[in-house]
Amino acid sequence: GEDVEQSLFLSVREGDSSVINCTYTDSSSTYLYWYKQEPGAGLQLLTYIFSNMDMKQDQRLTVLLNKKDKHLSLRIADTQTGDSAIYFCAESPRMDSSYKLIFGSGTRLLVRP
Amino acid sequence: DARVTQTPRHKVTEMGQEVTMRCQPILGHNTVFWYRQTMMQGLELLAYFRNRAPLDDSGMPKDRFSAEMPDATLATLKIQPSEPRDSAVYFCASGPPVGPAMNTEAFFGQGTRLTVV
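Sequences listed follow chains P and V, in order.
Counting from 1, one number per residue, gives the positions in the first sequence under the working numbering.
Counting from 1001, one number per residue, gives the positions in the second sequence under the working numbering.
Hint data in this document are derived by calculation from the structure and do not stem from the laboratory.
One or more hints might be untrue.
Okay, derived cross-link-like pairs now, EDC-like style, lysine to aspartate or glutamate, Cα gap no bigger than 20 angstroms in a straight line [to be verified]:
| id | chain 1 | residue 1 | chain 2 | residue 2 |
| --- | --- | --- | --- | --- |
| 1 | P | 70 | P | 26 |
| 2 | P | 67 | P | 26 |
| 3 | P | 56 | P | 69 |
| 4 | V | 1078 | V | 1057 |
| 5 | P | 56 | V | 1044 |
| 6 | P | 36 | V | 1056 |
| 7 | P | 36 | V | 1044 |
Model the full assembly from the supplied sequences, consistent with the hints where possible.
Written as structure tokens, this is what we have:
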């Protein structure tokens, strides 16, 4: 089955690191994604990782993938108040030649000054 | 500035009325997704299309919801009759053709906030 789970809420102080965790179920997912949703807006792709990679770094963002445990994490270094948003992880189960995106429930990140 | 356009942005309607939400995908994108976002259920995939053909609409209540793509520039999601439990934000997203790398990126519209009273 397809199921993506995330913790609902995370609060950090400005300047600290944030770590948002996610577990997924479908091992056929070729890519795993992190999206960000700011208030009143749609989701926006932040970063993604190919399933045969363990880690991907993109400026302040680090994605770690443990394929054995089906665990994905997003680390934001030097978290800023502008990073306050909802973060969604998503898997992309492969169905024949088609793909779809299944999202977790989202983690609301609150950055305190 | 390529973007997914959804109309209307907000809709308030009475229970029992028909609601039609529209989406214009990014030009050249051949995949269109419809998602519903609520506090309780999070982001649910309702349906998705590739090359205008519906691939999966198992997340959609069939008795009242319907999704179509009359042409490559327009996707519609219709609810008839609407019920208060349909109140949510409905997002449309489009994606480019899946290449050899098999990366499925979705670009989201700003959503239609539907309130059924």
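Comparing the hints with the structure gives:
no. : hint            : in the structure
1   : P:70 x P:26     : holds (8 angstroms)
2   : P:67 x P:26     : holds (10 angstroms)
3   : P:56 x P:69     : holds (17 angstroms)
4   : V:1078 x V:1057 : holds (13 angstroms)
5   : P:56 x V:1044   : violated (27 angstroms)
6   : P:36 x V:1056   : violated (25 angstroms)
7   : P:36 x V:1044   : holds (16 angstroms)
Hints 5 and 6, counting from the list given before, are not met by this structure.
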